[in-house]
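Use the sequences and the hints to build the structure in full.
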Amino acid sequence: MKILEIHNIKKKFDDVEILKGISFSMEKGQTLSILGSSGSGKTTLLRCLNFLEIPDEGTITVNGDVLFFANTVDLRDENVRKNRRHFGMVFQQFNLFPQYTALENVVLAPKLEAKSKGEIVEIEEKGRELLRKMGLEDRMNNYPHQLSGGQQQRVAIARALALQPDILCFDEPTSALDPELTGEVLKVIKELANQHTTMIIVTHEIGFAKEVSDEIIFMDGGVIAEQGTPEQVIDNPSNERTKQFLANYLK
Amino acid sequence: MFTNVTLSLLEGFLGTLKLFSLTLLFSLPLGLVISFGSMSKNRIIKFPIRFIIWVIRGTPLMLQLLIMFYGPGIFLGINLWGSGDKGRFTAALVAFVINYACYFSEIFRGGIQSIPRGQYEAAAVLGLNKRQTFFKIVLLQVIKKIVPPISNEVITLVKDTSLARVIAFYEIIWEGERFIKSAGIIWPLFYTGVFYLIFSGLLTLLFGYIEKKLDYFR
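If you're matching them up, the sequences are chains A and B in order. For the first sequence, this note's numbering assigns the number 1 to the initial residue and increments by one for each residue that follows. For the second sequence, this note's numbering assigns the number 252 to the initial residue and increments by one for each residue that follows.
Don't read these hints as lab results, they were simulated from the structure. For glycine and all other residues, C-beta sits at the position ideal for the given N, C-alpha and C. Errors might be hidden in some of the hints.
Using 25 Å as the maximum straight-line C-alpha spacing, the simulated SDA-like pairs for lysine to any residue come out as follows [unchecked claim]:
| id | chain 1 | residue 1 | chain 2 | residue 2 |
| --- | --- | --- | --- | --- |
| 1 | A | K117 | B | I318 |
| 2 | A | K10 | A | H86 |
| 3 | B | K387 | A | K10 |
| 4 | B | K387 | A | E124 |
| 5 | B | K387 | B | S402 |
| 6 | A | K10 | B | R382 |
| 7 | A | K111 | B | Y467 |
Which chain A residues stay away from chain B? Per the calculated CB distances, all over 10 Å, these [unchecked claim]:
| id | residue |
| --- | --- |
| 8 | S37 |
| 9 | D56 |
| 10 | L67 |
| 11 | R81 |
| 12 | I123 |
| 13 | G183 |
| 14 | K187 |
| 15 | I206 |
| 16 | T229 |
| 17 | N236 |
| 18 | L246 |
Looking from chain B toward chain A, a few residues come up when the C-beta cut is under 10 Å (computed) [what the hints assert, rightly or not]:
| id | residue |
| --- | --- |
| 19 | G369 |
| 20 | E372 |
| 21 | A374 |
| 22 | N380 |
| 23 | L391 |
| 24 | Q392 |
| 25 | K395 |
| 26 | P399 |
| 27 | Y467 |
| 28 | F468 |
| 29 | R469 |
Encoded structure:
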């Protein structure tokens, strides 16, 4: 069974159509990268999946359950909160909570749902474990402003993982980082891909996308222009826009 | 003489303190409620509240005190505040609370609106509800942002209490002036300044301490 199926998602902002009918699906354990120039709608698509935007049309199905059927949801609805939990989100700007330490950021949301003291101890142990995996063993009790951008983003990844989402989404996770710090974040994401975490990555790092992805989508003007394996899309693009985009990148 | 004057002024300063502390007690929470109203998406709530804020911030507090105290009797023919010192105090307190709540509400609104949208979005994707988002994520960040402007207002309030003198509310300036008539000396009136200075000095220290306490994050 497909873990995620998107069918005909459309989204307009003030009469400008940003998504013009997006459909794709993915298997559990796959890594899908979405490439495309600014304004192609890739971030909006990711935000629709996380219910940060409400699509005007289409359906979102996770593990065979239809989560979203256009215009039947209310953002304030308790159901929306539950549905969001299928997806984890890592933002371009990290969006860590400044008043909490790295560890507190990671365990905050799970702890709000804990029912017993024992459960809280377990959550904290798991939080520490996640941060260790991110290579932040000695940074757990630091506040976000004491961390580098790369470290902050790794905390944000741990925070998203702590809720054990079915699908982890990345919105240009390295765009706010200087090149020196990009590598450490990409390394962590690659590690997750090796462990078969289901991921959707919106990125400008083409080399990285090629290396890490099972499948690549190239978006242009609100539609999927090309879709396939990295070899197909990046090495042998058939679509004119894809060729143009990649040529500009390689220059 | 000096001890006598000091003791008398201290008594007057109790009136100042009473007005000061009760104004804070009521105007801070009321200000928060008003700030939510002024940010409401419902126009029927938002526009009247913004109108009231405009009127209150746009007119002198002294005038508001006069209207609050004499208004009900003159325009409505009712003795709303009761008689004597208690009535004067109640009228002064109500005028101060409304005035300061409006100023505080604008500080709160600025603080709340300055929290980046990313904070709300991060909370949303982590499954926090509105209440949790406000209390666990937003509130402390807002408090950190508004401590300096709030401390400004609070120190202004210490001195503004003297305006209540205009409706014959008994406070320290009143007490100081009394010595002009009763003993023919003016220095007790000038001496009241020392009381204001010491008290606002203490408040400055207190707010400095709070700011420092919140210095651990940015």
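Status of the hints after comparison with the structure:
This hinted pair does not check out: K117 of chain A and I318 of chain B have alpha carbons roughly 57 Å apart, beyond 25 Å. Taking the CA atoms of K10 of chain A and H86 of chain A, the gap is about 21 Å. The hint holds against a cut of 25 Å. With a C-alpha separation of about 34 Å, the suggested pairing of K387 of chain B with K10 of chain A is violated against the 25 Å cut-off. For the given pair, K387 of chain B sits about 18 Å from E124 of chain A by alpha-carbon distance, which is consistent with the 25 Å threshold.
A hinted pair counts as satisfied when its Cα atoms are at most 25 Å apart, and K387 of chain B with S402 of chain B qualifies at roughly 24 Å. Proposed proximity of K10 of chain A and R382 of chain B is contradicted: the alpha carbons are some 31 Å apart, above 25 Å. Restraint check for K111 of chain A and Y467 of chain B: satisfied, since their Cα atoms lie roughly 23 Å apart, inside the 25 Å limit. The claim that S37 of chain A is not at the interface with chain B holds, since no C-beta of that chain comes within 10 Å of its own (minimum 23 Å).
Annotated as non-interface, D56 of chain A keeps its C-beta farther than 10 Å from every C-beta of chain B; the closest such distance is 20 Å. At roughly 14 Å, the least C-beta separation between L67 of chain A and chain B is larger than 10 Å, which holds for a residue marked as non-interface. Consistency note on R81 of chain A: stated as away from chain B, yet its beta-carbon is not over 10 Å from all of that chain's, at 5 Å minimum. Interface exclusion of I123 of chain A from chain B stands, the closest Cβ pair being 13 Å apart, more than 10 Å.
Against the 10 Å criterion, G183 of chain A stays outside the reach of chain B, whose nearest CB is about 24 Å from its own CB. For K187 of chain A, the shortest C-beta to C-beta distance to chain B comes to about 23 Å, beyond the 10 Å cut-off, and the non-interface label holds. No Cβ of chain B approaches the Cβ of I206 of chain A within 10 Å, the least distance being about 26 Å, so the stated non-interface status holds. With a minimum CB-CB distance of about 29 Å to chain B, T229 of chain A clears the 10 Å threshold, and the non-interface call stands.
Residue placement check: N236 of chain A keeps its beta carbon more than 10 Å from all beta carbons of chain B (closest about 36 Å). At roughly 31 Å from the closest C-beta of chain B, the C-beta of L246 of chain A stays outside 10 Å, upholding its exclusion from the interface. For the restraint placing G369 of chain B at the interface with chain A, the shortest Cβ-Cβ distance is roughly 4 Å, inside the 10 Å limit, so the hint holds. The interface hint given for E372 of chain B holds, since its Cβ lies 6 Å from the closest Cβ of chain A, which is under the 10 Å cut-off.
Annotation: A374 of chain B was flagged as interfacial toward chain A, and the flag holds, the nearest CB pair being 8 Å apart, inside 10 Å. Interface restraint check for N380 of chain B: the shortest CB-CB distance to chain A comes to about 6 Å, inside 10 Å, so the restraint holds. Hint status for L391 of chain B relative to chain A: holds, with the closest Cβ pair at about 5 Å, below 10 Å. At about 6 Å, the closest approach between the beta carbon of Q392 of chain B and any beta carbon in chain A falls short of 10 Å, and the interface hint on this residue holds.
A hinted interface residue such as K395 of chain B counts as satisfied when its beta carbon comes closer than 10 Å to some beta carbon of chain A; here the least separation is about 8 Å, so the hint holds. Taken as an interface hint, P399 of chain B does not check out: its beta carbon lies about 17 Å from the nearest beta carbon of chain A, beyond 10 Å. Here the hint on Y467 of chain B is kept, as its CB sits about 6 Å from the closest CB of chain A, short of 10 Å. With its C-beta approaching chain A no nearer than about 5 Å, F468 of chain B sits inside the 10 Å limit, and its interface hint holds.
With a least beta-carbon distance of about 4 Å to chain A, the hint placing R469 of chain B at the interface is held under the 10 Å criterion.
When each numbered hint is compared with the structure, violations occur for hints 1, 3, 6, 11, 26.
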